Amino acid sequence: MEHVDHILIVDDDREIRELVGNYLKKNGLRTTVVADGRQMRSFLESTPVDLIVLDIMMPGDDGLVLCRELRAGKHKATPVLMLTARNDETDRIIGLEMGADDYLVKPFAARELLARINAVLRRTRMLPPNLVITESGRLLRFGRWRLDTSARHLLDEDGTMVALSGAEYRLLRVFLDHPQRVLNRDQLLNLTQGRDADLFDRSIDLLVSRLRQRLLDDAREPAYIKTVRSEGYVFSLPVEVLGAPS
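Everything in the sequence shown is counted per my numbering, starting at 1 for the first residue and increasing by one.
No incorrect hints appear here.
Listed next, the in silico SDA-like pairs over lysine to any residue satisfying Cα-Cα at most 20 Å (straight line): (1) Lys74 - Thr47; (2) Lys76 - Arg38; (3) Lys26 - Ala109; (4) Lys76 - Asp62.
Label-pair distances were calculated between CB atoms; the ranges are: (5) Arg122 - Glu231: 20 to 26 Å; (6) Pro107 - Arg152: 31 to 37 Å; (7) Ala223 - Arg14: 51 to 57 Å; (8) Val241 - Arg220: 28 to 34 Å; (9) Asp205 - Leu242: 29 to 35 Å; (10) Lys106 - Phe43: 21 to 27 Å; (11) Ala223 - Lys106: 38 to 44 Å.
Just so you know, these hints were derived from the structure itself, not from any lab. Computed from a prediction, not measured in an experiment: that's the story for all the values here. Positions of the beta carbon are idealized from the N, C-alpha and C atoms, including for glycine.
Go ahead and model the full structure; you've got the sequences and the hints to work with.
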């Protein structure tokens, strides 16, 4: 029997829940709609889903809290697409840092939401050719740093752990899998968030800035992540694979 992707929609706006749910059903997806975090938790206890559409602005536990909770629990691998009424780049970055795979700003066209859902699902199942992330469970060394890809820990030369957000980890992992290769914003967004860039999307630039801070990389003369004008970014140091962490 052919698998039909199951989408869980979490939104306190009844009209949006019903409109989105009905539209996705008409386009071949299985949908379940719930109004808040309590209902989401209850449903996920018994039923796995393929993707969660999660509204940020909800009473009680908002979407950011719920996304962080999902990423810390047994549903950490389930893709999350966040809906936000705030057309603010910082809010989008916070959502991505909590572990969201993509976001969509309200008001939105149902057709665009469907396209985003399909893109995220494709991203989780197949990466673009020649841009395949290596398997987990490796210790990667670059400069004065090591990345434990099993525990997702960044370690300095003294073994001190530096915390990374989910978005920062995904971006660093992409760079380490493709060192000394220029990656444009479309490629970085596709690999880290499952979508293409639009003209005004600067989320990758903000994430690069935050990642440079984690690596103590001088933005004026970076040693790790260099900007290639009109092209994108390149991780300039070689990366050594040390094997599985002990």
